[in-house]
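Based on the provided sequences and hints, a complete structural model is requested.
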Amino acid sequence: MAFRPELYVHDLDKTAFEAFSRFPETEKLRELCIKNCDEQTVKNHILSDGVQLGKNNMPEIYHLLPPICEKLGIDLPELYCVHSSKMHAAVGGCAHPFIYITSALAEQTEPALIASVLAHECGHIADPHFLYYSMAIQIMSKTNDRILNIPDVDNILTPSLSKALQFWAYCSELTADRAAVLCDGSADHLIKVLLKIHGYDPDQVNQSEFFQKALNLDNFADENNANQIIDKILSQEDSQSLLATRLYESNTWAQSEQYHRILKGTYSVLSENNPQIKSFDNEEIINAEVQVETSSKNSMSEADIQKELVRINSELDRYTNHADRTEYALAVGAGIVAGIIDAVYVGETTMTKGTIGLSHKQVNHFIQEYAKARGIHKDRLKDAISELEKEFKVDQDNVWKGANIRVSAKNHHLADLAHHPTPAGLLAALIVQFLRIGIFVNRDGEWHFVFIETSREDIIRNVIPAVITAILNWLVTMDEQAFEEEYGHKLPENIHRIAHLAASTPILIEIAKCADNWFGHLVSDMGGSKNTAGAGMGIPGVFISLFYEIAALPILKDTGLPETMNNLYQKQKIDLRHELAAVNLAKKQAVPVLFVEIFTRVLYFVAELIKQTEIMKQNGGTYKDIDWQKVIPFNNRSVNRMLTIASMTFTTADTTDAAVHAALKSKGNWILFSGKFAARYNYVGAGRATYAIVKEISSEKKKAELIHEKLLLTEIKKQTDIQRLREYEQWLTEQVTIFLAEDITEFMNGFNDIQKGIAEDNSNQIIKGNVTIQKILGRDPQFTNQKEFDALMDSDEAFIL
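In full-length UniProt numbering, the protein residues as written are 1 to 801.
Hints listed in this document are in silico derivations from the structure and should not be mistaken for laboratory results. Worth double-checking, as some hints may not be accurate.
[Said to hold, decoys possible] Straight line, CA to CA, 25 Å or less: simulated DSS-like cross-link-like pairs of lysine-lysine:
#: 1; residue 1: Lys717; residue 2: Lys775
#: 2; residue 1: Lys718; residue 2: Lys756
#: 3; residue 1: Lys787; residue 2: Lys756
#: 4; residue 1: Lys630; residue 2: Lys710
#: 5; residue 1: Lys787; residue 2: Lys718
#: 6; residue 1: Lys361; residue 2: Lys588
#: 7; residue 1: Lys513; residue 2: Lys372
#: 8; residue 1: Lys353; residue 2: Lys372
#: 9; residue 1: Lys71; residue 2: Lys557
#: 10; residue 1: Lys163; residue 2: Lys14
#: 11; residue 1: Lys14; residue 2: Lys717
#: 12; residue 1: Lys630; residue 2: Lys702
#: 13; residue 1: Lys382; residue 2: Lys353
#: 14; residue 1: Lys587; residue 2: Lys695
#: 15; residue 1: Lys28; residue 2: Lys43
#: 16; residue 1: Lys353; residue 2: Lys28
#: 17; residue 1: Lys587; residue 2: Lys573
#: 18; residue 1: Lys768; residue 2: Lys756
#: 19; residue 1: Lys307; residue 2: Lys588
#: 20; residue 1: Lys28; residue 2: Lys718
#: 21; residue 1: Lys372; residue 2: Lys401
#: 22; residue 1: Lys787; residue 2: Lys768
#: 23; residue 1: Lys787; residue 2: Lys775
#: 24; residue 1: Lys410; residue 2: Lys307
#: 25; residue 1: Lys393; residue 2: Lys410
#: 26; residue 1: Lys390; residue 2: Lys401
#: 27; residue 1: Lys372; residue 2: Lys361
#: 28; residue 1: Lys28; residue 2: Lys196
#: 29; residue 1: Lys353; residue 2: Lys571
#: 30; residue 1: Lys307; residue 2: Lys710
#: 31; residue 1: Lys630; residue 2: Lys695
#: 32; residue 1: Lys71; residue 2: Lys361
#: 33; residue 1: Lys718; residue 2: Lys43
#: 34; residue 1: Lys307; residue 2: Lys703
#: 35; residue 1: Lys196; residue 2: Lys86
#: 36; residue 1: Lys611; residue 2: Lys624
[Unchecked claim] So the derived label-pair ranges between C-beta atoms look like this:
#: 37; residue 1: His88; residue 2: Asn762; range: 49 to 59 Å
#: 38; residue 1: Trp670; residue 2: Asn584; range: 26 to 36 Å
#: 39; residue 1: Asn584; residue 2: Gly620; range: 47 to 57 Å
Every residue, glycine too, gets a C-beta built ideally from N, C-alpha and C.
Okay, here's the thing in C-alpha cells:
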C-alpha cells in the first residue's frame with residue numbers, strides 16, 4: 001500500500017499553505033504560470049550538461065528510484081545527473097516532473113544515502129501542491145527568472161505573497177523529509193546525507209548537541225514567535241539552525257506513534273478526524289468529470305479544470321480550420337470571378353485632371369450645402385466661404401505671423417494642428433479654446449506652443465462652465481454618499497454615470513460648441529480662402545494630417561519625414577480634395593474586393609449549411625440541432641481560411657492581368673511598363689490579401705497557445721483523477737475492514753486490479769477492479785469496460801461511485 005501524502009504531511013506545511021492560499025492573487029498567479037510555463041525550455045536550461053540515467057547508464061543509482069515511487073504511489077519521473085562539484089539534488093517540471101542529482105553527490109555518496117535523497121525529492125512530487133512548489137523554486141532561484149518575466153506576474157507577486165510562498169516552500173521540505181524517512185524505514189540515512197551535503201562529517205557530529213540548535217516550531221502558534229521563525233527561515237541568516245531543525249523534526253517524527261502506525265498500515269486520516277480527506281457516502285453522486293471538493297477556495301478543483309478545458313476546447317474549435325476541398329474550390333472560384341470583374345470593370349485607375357476636378361466640385365458643393373444648413377444662403381462659393389469664415393472664427397488662425405517659427409501662409413494649415421481633420425486636430429482646438437495655446441509643428445518637425453492673447457471675457461467664458469460643472473459633480477457625490485449611508489449600498493453604476501453626466505452638462509456644452517466651431521472653420525477652409533475660392537490651398541486631408549502628426553513624434557521628427565510631408569502638401573498641393581479623388585478611385589478598386597468578401601462568405605454559409613444538414617439527418621435530429629455557430633460565416637477559422645485563399649487568388653489574377661496589359665501596351669519599354677502596371681494594379685485587393693495572411697498567422701499562433709494550455713491542464717486533471725481514485729481505494733479499504741471481512745479475498749483481487757491499473761495507467765484494469773468490488777457491495781455496475789464508460793460519460797446519466 002502506498003504512503004499517501006495526507007498521512008505524513010507536516011502540520012507547519014498545512015498551516016503555511018493555508019496562509020498562502022488566503023491571498024486573492026494566488027489563483028491568478030497559478031493561472032498565469034500554467035498558461036505561460038514552458039516546461040521543456042526550463043528543463044533544457046537546467047539540464048544543459050546533464051545525462052539521463054537508465055538501465056544502461058548509472059544503473060546502480062537508477063534502480064533505487066522505482067521502489068521509492070511505488071512506496072509513495074507516484075509515476076516514475078525521469079532521473080538526470082548534471083556535472084557539478086557541489087553535492088546537490090532537486091526536482092523540476094510541473095506536469096512532467098523530473099529529478100536531477102549532481103555528479104559530486106553520485107560519486108561521493110553511498111547508494112543507501114542517495115536513495116534517501118531521491119525519496120525526499122519524490123516526496124515533493126507526491127505533494128498535491130507540487131505546482132506551487134515548482135513556482136517557488138523558480139522564483140527563489142537567482143539563475144532562473146522565467147516566472148518573473150511572465151507578463152503581469154510582477155504586479156501580482158507582491159512582497160507579502162512572495163514571502164508566504166517561499167515560507168511554505170521551506171515548510172514543504174519538512175513533509176518531503178518525512179517521505180524519505182518512511183521510504184528508508186528510519187531517519188538515520190536522511191540525517192547522514194543532509195549533514196554530508198551541508199559539509200559536515202556525519203561520523204564526527206554529535207547529533208544530540210546538533211539537535212539543540214533547532215528552531216522550536218511548537219512555538220509557531222504564538223504570533224510573535226511565528227513571525228520570528230518566518231523571518232529567520234526566509235533570511236537564511238543561520239543555515240545551521242535550519243539544518244538542525246530539519247534533522248530534529250525528522251528524528252523526532254521517526255520515533256512518533258503516527259510514524260509507526262503509518263508503517264504498519266493502521267494509521268488513517270479519517271480515524272484522526274482530519275478534514276483533508278472527504279469521506280464517501282453510499283448515496284454520493286459524482287458527475288462525469290469526477291469533481292472533487294477541496295479544502296481551500298483558492299486551490300484548483302476539478303470543476304475549475306473542467307470549466308477551463310471546456311473554454312479551451314471551444315476556443316480551439318473556433319481557431320481550427322474545418323474547411324474541406326469543396327470549400328477551397330469555391331474560394332478559388334470566387335477569387336477568379338473577382339479577378340474577371342477587376343479586369344473588365346475596374347481596369348486602369350489613373351488620377352487625371354478630370355478626376356481631381358470632380359473632387360473639387362464635390363468639395364465646393366459640400367461647402368455651399370453646409371453653409372445653407374447653417375443659415376447662410378449665398379449663391380456664389382466666394383460669398384459662402386466669406387460668411388463661414390466670419391461665423392466660425394478661430395483664435396489661433398493668425399498667431400503664427402511674426403512668431404518666427406518657420407510657418408508661412410502656404411503651409412500654416414498643415415503646421416497648425418487645429419486645422420487637421422483628425423482627433424488630434426480636435427484636441428488641439430480644445431486646447432486653444434480652454435488653455436489659449438496654439439500648437440504648431442513646422443517643416444523641420446519642431447514643436448511650437450504660441451500663447452494666444454486672452455481677454456477677460458475669454459477667461460469668464462471658459463471658467464464659469466468649468467466651475468459650475470465642478471460644483472454640480474460635488475453635489476452629486478455628496479448625495480451619493482448620503483444615499484450609501486442611509487441604505488447601506490452604493491447607487492447602481494448606470495445611475496451613477498447618468499448623474500455625473502448630467503452634472504457635467506455645462507462643460508460638455510462648451511466642448512460641443514468648440515467642436516462645432518472647429519468643424520465649421522475647417523469647412524470654410526476646404527476650398528481655399530474667400531480670395532481664392534475653389535482654387536487656393538485647402539486644408540490637409542486625413543492621411544496627410546495623420547502622417548504629419550506621426551512624423552512629428554520625437555523618434556521620427558529628425559528623419560526628414562516632416563519635410564517630405566510638408567512638400568507633398570505645399571509643393572505637390574495634395575490637400576483634402578486630392579485625397580477625396582484618391583478615395584473615389586479606391587472605391588472603384590474596392591468593388592471586386594467587396595465581391596470576394598461577400599460572395600465567399602455566402603458560399604461558405606451555403607456549403608456549411610448543407611454539411612450540417614447532412615450531419616443532422618444522419619443523427620436523426622431536427623434543424624434545431626444544427627450548430628449555427630459553425631454555419632454563420634463570421635468569427636471562425638474556416639471562413640477566414642476561405643477568405644485568405646479567395647483574396648490571394650484574386651491578387652494573383654489581378655497581378656497577372658496588370659502585367660499582361662502593361663506588357664502589351666509598353667512594347668518593351670520598361671518605364672512605360674511600370675506606369676501601366678501601377679495604374680492597373682488593385683492596391684485595395686493587395687491590402688486585403690495581406691491582412692488575411694497576417695490574420696491567418698495570428699490565428700495559428702493562438703491555436704498553438706491553446707493546445708499548449710490544454711496539454712498542461714489535461715496532465716493536471718489526470719494527476720487529480722489518479723489522486724481521486726486513490727482516495728476511493730482508501731475508502732473501499734475501510735469498508736472492507738469494517739463490513740466485508742468475509743469477502744476479503746474478492747475485495748483484494750479488486751484492489752489489486754485497481755492498483756495495477758493505476759500503476760500501468762490502464763483504465764480497463766481499473767474498471768475491472770471496480771466491477772468486482774461493486775458486485776460484492778450488491779450494486780449493479782454502470783459500466784464494465786472502457787467503451788461503456790465512454791458511453792456513460794457522453795450520456796446525461798449521473799456517474800455514481
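Structure-based check of each hint:
no., hint, result
1, Lys717 / Lys775, "violated (28 Å)"
2, Lys718 / Lys756, "holds (16 Å)"
3, Lys787 / Lys756, "holds (20 Å)"
4, Lys630 / Lys710, "holds (22 Å)"
5, Lys787 / Lys718, "holds (19 Å)"
6, Lys361 / Lys588, "holds (19 Å)"
7, Lys513 / Lys372, "holds (19 Å)"
8, Lys353 / Lys372, "violated (29 Å)"
9, Lys71 / Lys557, "violated (70 Å)"
10, Lys163 / Lys14, "holds (16 Å)"
11, Lys14 / Lys717, "holds (22 Å)"
12, Lys630 / Lys702, "holds (19 Å)"
13, Lys382 / Lys353, "holds (22 Å)"
14, Lys587 / Lys695, "holds (23 Å)"
15, Lys28 / Lys43, "holds (24 Å)"
16, Lys353 / Lys28, "violated (62 Å)"
17, Lys587 / Lys573, "holds (22 Å)"
18, Lys768 / Lys756, "holds (11 Å)"
19, Lys307 / Lys588, "violated (49 Å)"
20, Lys28 / Lys718, "holds (22 Å)"
21, Lys372 / Lys401, "violated (32 Å)"
22, Lys787 / Lys768, "holds (13 Å)"
23, Lys787 / Lys775, "holds (19 Å)"
24, Lys410 / Lys307, "violated (64 Å)"
25, Lys393 / Lys410, "holds (19 Å)"
26, Lys390 / Lys401, "holds (20 Å)"
27, Lys372 / Lys361, "holds (17 Å)"
28, Lys28 / Lys196, "violated (40 Å)"
29, Lys353 / Lys571, "holds (17 Å)"
30, Lys307 / Lys710, "holds (12 Å)"
31, Lys630 / Lys695, "holds (19 Å)"
32, Lys71 / Lys361, "violated (90 Å)"
33, Lys718 / Lys43, "holds (21 Å)"
34, Lys307 / Lys703, "holds (18 Å)"
35, Lys196 / Lys86, "holds (11 Å)"
36, Lys611 / Lys624, "holds (15 Å)"
37, His88 / Asn762: 49 to 59 Å, "violated (36 Å)"
38, Trp670 / Asn584: 26 to 36 Å, "holds (30 Å)"
39, Asn584 / Gly620: 47 to 57 Å, "holds (56 Å)"
This entry does not satisfy hints 1, 8, 9, 16, 19, 21, 24, 28, 32 and 37, going by the numbered hints stated previously.
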